[in-house]
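*Asks:* These are the residues of each chain, in order.
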Amino acid sequence: MNVLLGALAKLSPLSLWRNPVMFVVEVGALAATVLAVVTPGFFAWAVVGWLWLTVLFANLAESVAEGRGKAQAATLRAARRDTTARLADGSVTPSAALKKGDLVVVEAGEVIPGDGDVVEGIASVDESAITGESAPVIRESGGDRSAVTGGTKVLSDRIVVRITQRPGESFVDRMISLVEGANRQKTPNEIALNILLAALTVVFLVATATMQPMAIYSKAVNPGVPDSAALTADGVTGVTLVALLVCLIPTTIGALLSAIGIAGIDRLVRRNVLAMSGRAVEAAGDVSTLLLDKTGTITLGNRQAAAFQAAEGVDLRDLAEAAQLSSLADDTPEGRSIVVYAKEHFGLRERPVAGAHWVPFSARTRMSGVDVGDRQIRKGAATAVMKWVRDAGGRPTAEIGHLVDGIAASGGTPLVVAERGRVLGVIHLKDVVKQGMRERFDEMRRMGIRTVMITGDNPLTARAIADEAGVDDFLAEATPEDKLGLIRREQFGGRLVAMTGDGTNDAPALAQADVGVAMNTGTSAAKEAGNMVDLDSNPTKLIEIVEIGKQLLITRGALTTFSIANDIAKYFAIIPAVFAAVYPGLDALNVMRLATPQSAILSAVVFNALVIVALIPLALRGVAYRPANASAMLSRNLAVYGLGGVVAPFAGIKLVDLVIQHLPGLS
Amino acid sequence: MTALTLVAVLALLYRPLGDHMYRVYSGDRDTWAERLTYRALGVAPRQEQRWPGYARSVLAFSLVSILFLYAFQRVQNHLVLSLGFPPVVDHVAWNTAVSFVTNTNWQSYAGENTMGHLVQMSGLAVQNFASAAVGLAVAMALVRGFARGDSDTIGNFWADLVRGAYRILLPLAFAGAVLLVAGGVVQNLAGPHEVPAVLGGTTTLTGGPVASQEAVKQLGSNGGGFYAANSAHPWENPNGWTNWLQNLLMLLIPVALPRTFGRMVGQNRQGYALAAVVAVIAIASIWLTNVFEAGGAATVPQAAGLAMEGKEVRFGLSESATFAASTTLTSTGAVNAAHDSFTPLGGMMAMVGMMLGEVAPGGVGSGLYGLLILAVITVFVAGLMVGRTPEYLGKKIAAREIKLASLYFLVTPVLVLTGTALALANRAGLAGTLNTGPHGLSEILYAFTSAANNNGSAFAGLTANTPWWDVALGVAMLLGRFAPMVFVLALAGSLARQTPVPSSAGTLPTHRPQFVGLVIGVTVVVVALTYLPALALGPLAEGTGG
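Chains A and B supply the protein sequences, listed in that same order. Just so you know, the first sequence maps onto residues 434 to 1100 in the numbering used here. Just so you know, the second sequence maps onto residues 47 to 592 in the numbering used here.
Just chain A, with the same shape it has in the complex (with noise of 0.2 Å):
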């Protein structure tokens, strides 16, 4: 209903007027429903009723694509009741009047009162209000995790907040107007369509206005032929040159148009990612170079346990044994890695060890372990764990640094367990490329994206998990100027590039990439460079950004396509409709043999009518989309929308024909 109404309001010319395609169908609606009121007629209105039900029918598509992110809106307003905030200094103040840079304090249970940074404290914070993600959220000072925002809930602890947001210009604001598309401005790929369509439209106004001249010709110099509903001496009646002229013109992508945009927006939403504006998802599927973090995007967040290897004379099972007693304790993901490898590889169950003295990990000793009765045991980097063992009186043997250097070689980190004065062996840690990761490349390669590795690895490393991972190229041991330069570098080659951050280190990077997908998690900072946000903080799903821009870019190609390709079949109605009369030989080109010459003109202003709403769900969805080359791309949706486009009408308008073809007034 509400969505109904909207369409309504829509038909304000003032609205209208952005759109010329559907302002052109206005005006003429508007001119055939006077020509109506003067000459009455079944056939007249008809058309007029139709007329405007195609501009109704724009106006719903947008309406409809509104609709879905007015809904979220509402959810995200919800958020943003006003509260009142408490200044460090202890007054109390309304949050809708906090300044940029003010002191707030958050307690346990109390909403965070704008966006900010953490400057004091630690609290777990629910933000299930932004990303429906009802797990909560660490935010602590320093660091790349001391970003909050406005309206989510402080659950445990004790924070003070400096206020980063202008009033009235917070994040949950931003993302309100964004969903809403309530300023929504045209994208650069957008304004070019719009400008070939005004030019199609400006075409076919002429086709059709200078037709007049000629068909008041043609009635004249054949002066036997009586008039009928679509040509008099006059010349082509109104209402049928404003049918014709509505038919031809390419209302069909005219009335999508913005509802593509708005939707392609929305699928980014609903995949949690908010883009900050539409030339940021349209520069998506332009994006050339993909610069991935390896942590947590190509690989899991850990390394893990893959081999033990033993030291000579050392049985494999000690030293998995010893390995195991030594990480159980340790709850880094490295130590369960080592539990788990140790109980899948060689049976050994997790138990409880009495009397055990637990050596944590120290950035001064760079080893861990564990002291048992007289056993001692430590784990840890090859040259910390080596002077433990020469210190207790140990002499390690060069197989030992042979086995270091090969599994560093191949990009593992090797781990040395020892036992006080003997080298056990060593443990291969690796880091483990997610699963699918390399298929997803082969298919950006396939797509003419280039895939490029960060990361702070040495370069051995680096090489070793991009071959593993089949991404095109890396940048190990990378800083954030790096990052810069090699963005820079690519931009200047003409390439578009796209990375994700959440540091604020990241943030000129971020500014400078064509898309730059902060994470929610990260500093607002970052946030506030890139030009999307992705709620989940999910590095990966950059891959899905692209992917939605690449389909909001064809779903438009597409449409304009069908939409010229339908002018076909409706010139082959319209024609001879009107002409046949005069030179009986055009009927030839009545293919369709449609009923009357009033029900052929009717039949194609409805099917052009009707296709607008068919097409409507296609719009919010996007075409189909599967990652291939160009070529394989464009041929398929030439043949779907191209081909289709050509034959789809000709069906339609018979069909139509066939059905109104009996009422009273159309023959």
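It is possible that part of the hints are untrue.
[Said to hold, decoys possible] Here are the computed distance ranges between Cβ atoms for each label pair:
hint, chain 1, residue 1, chain 2, residue 2, range
1, A, Ser-1064, B, Gly-312, 18 to 28 Å
2, A, Val-1073, B, Ala-228, 55 to 65 Å
3, A, Gln-618, B, Val-326, 34 to 44 Å
4, A, Val-460, B, Pro-559, 39 to 49 Å
5, B, Trp-333, A, Ala-1047, 34 to 44 Å
6, B, Trp-333, A, Val-460, 41 to 51 Å
7, A, Ser-1064, B, Val-326, 18 to 28 Å
8, B, Leu-352, A, Val-460, 51 to 61 Å
9, B, Val-326, A, Val-1073, 19 to 29 Å
10, B, Gly-312, A, Thr-765, 50 to 60 Å
11, B, Pro-98, A, Pro-527, 52 to 62 Å
12, A, Leu-463, B, Gly-88, 51 to 61 Å
13, A, Thr-765, B, Pro-559, 52 to 62 Å
Since the hints were derived computationally from the structure, they do not count as laboratory data. Using N, Cα and C, we set each Cβ at its ideal position, and we do this for glycine too.
Chain B: place on chain A using the hints.
*Replies:* Quick look at chain B alone, frame taken from chain A:
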């Protein structure tokens, strides 16, 4: 047969001629004759121009040419070799001046019966070279827009103009003229002769520098005949060999230009793709014209066995149909038969050839830039369907580019259709038609199609040397030539400024049969949609027996 040998010879010359033109426009060497010309014109040929400067030069040169040609005709009675003709009437002189400077060569005057030898040689023939060289120059400027990156400039008009005229048109025209003379075309400065006619009485035949003018008339896609009868006149086109040669000359440069384009953008395959577009459309048009003529369904052709009315017996039906298709496809407009007497559908093919926007292969230079505009529009729609914002040869087709391409593409349909509508809606316009009914409409439609597309061929039948027609067609020619040129140059400027985007597997390839088919499809569909109502009430109504 003619068509087959033509295709073979054109294929043979595609590379050498295209490469030669590439060297002409890319080299940095001037001949002494060129240096002399630059000094006389007071221009600096090495000074690169931005697009507005280039466009101003094109317009200034053309304006001066029109004024000069107009004045020349108006004072011809005071000049030598005038053969005693009076000054050309003002509206005819205006129409002719515009016509020759716009490379249209619509002839509102009666050839050898209006113009003295001096005006023909130093006025009209000079423009045959100059207007063709201007077309080539603008095409090269657009190609540079694609070839260059991060550049403000698109070349120097004066250098392009002079080089095109001196190194491409002059040598080829000279060779063509020699071959035509060898074939029997007259070349002298004689005046009118009274000769006894076959059926008694006498007839007047005028000699003149025909061969020299004839070669460049075909070569530069001009088409303005020395004689009013144009290439149907036995002294202008005496036999099958000269007819074949004239056919070849008009196709030569436009067909080879895609090669030049390919060389300049550094990808010959892009040139082959455009050449393939041209070949498919042209061969299909020539074939259809032949089919429609040979199948002439009207009463007279059936009685006579062939639709030979208005055709020269020394050429026959097929040579006439092939020539008609070539002359309309190339914006030349020379005729060796009366298109008015063609079968309705054969005559429609001649119109369609022009309505395509003169792109297959089109006029000298103008054909290439028209084709590139169509490629840009094709890339825009098709490019979206591969999921990227569209790009052609590494240049993004964004709002500004599509705006200029759309404006280019709007000009001729608007001129043709509004011109036709205006003519039909007023007494002065209708007064010119010979026939009524759909054929009368065809005559008018043909005239505006020919003028706005700078073709210059006439459907005959139409008496177009009245003030109304001279002015109306003059305006159509002028706008049809220079408005698109300005849009093309602006497009060149905006393309040259862009940094080229490297192509990848995700880029729409523009050298494959798929793209060739797409450009053909877009061209044909858009033309059909634009002109179908007009064609339905003219040739189609007539051809379907209405």
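*Asks:* Leu-352 of chain B and Val-460 of chain A, beta-carbon distance inside 51 to 61 Å?
*Replies:* Holds - the Cβ-Cβ distance for Leu-352 of chain B and Val-460 of chain A, about 52 Å, lies within 51 to 61 Å.
*Asks:* Does the Cβ pair Gly-312 of chain B, Thr-765 of chain A satisfy 50 to 60 Å?
*Replies:* Given range 50 to 60 Å: holds, Cβ gap about 56 Å.
*Asks:* Given the range 18 to 28 Å, decide if the beta-carbon distance of Ser-1064 of chain A to Val-326 of chain B lies inside it.
*Replies:* holds (19 Å)
*Asks:* For the hint 34 to 44 Å, verify it against the beta carbon of Gln-618 of chain A and that of Val-326 of chain B.
*Replies:* For Val-326 of chain B against Gln-618 of chain A, whose Cβ atoms are near 42 Å apart, the range 34 to 44 Å holds.
*Asks:* Verify the CB-CB distance for Val-1073 of chain A and Ala-228 of chain B against the hinted window 55 to 65 Å.
*Replies:* holds (58 Å)
*Asks:* Just tell me: holds or violated, for the beta carbon distance of Trp-333 of chain B and Ala-1047 of chain A against 34 to 44 Å?
*Replies:* Cβ of Trp-333 of chain B to Cβ of Ala-1047 of chain A: about 39 Å, so the range 34 to 44 Å holds.
*Asks:* Okay, Ser-1064 of chain A versus Gly-312 of chain B on CB: inside 18 to 28 Å?
*Replies:* holds (21 Å)
*Asks:* Indicate whether the distance between the beta carbons of Val-326 of chain B and Val-1073 of chain A respects the range 19 to 29 Å.
*Replies:* Given range 19 to 29 Å: holds, Cβ gap about 24 Å.
*Asks:* Mind checking the hinted window 52 to 62 Å against the Cβ distance between Thr-765 of chain A and Pro-559 of chain B?
*Replies:* Distance hint for Thr-765 of chain A, Pro-559 of chain B holds at roughly 59 Å.
*Asks:* With respect to the beta-carbon atoms only, verify the hint that Trp-333 of chain B and Val-460 of chain A lie 41 to 51 Å apart.
*Replies:* This hint holds: roughly 44 Å between Cβ atoms.
*Asks:* Between Leu-463 of chain A and Gly-88 of chain B, is the Cβ distance one that fits in 51 to 61 Å?
*Replies:* holds (59 Å)
*Asks:* Is the hinted range of 39 to 49 Å satisfied by the C-beta distance from Val-460 of chain A to Pro-559 of chain B?
*Replies:* holds (43 Å)
No hint from the list above goes unmet by this structure.
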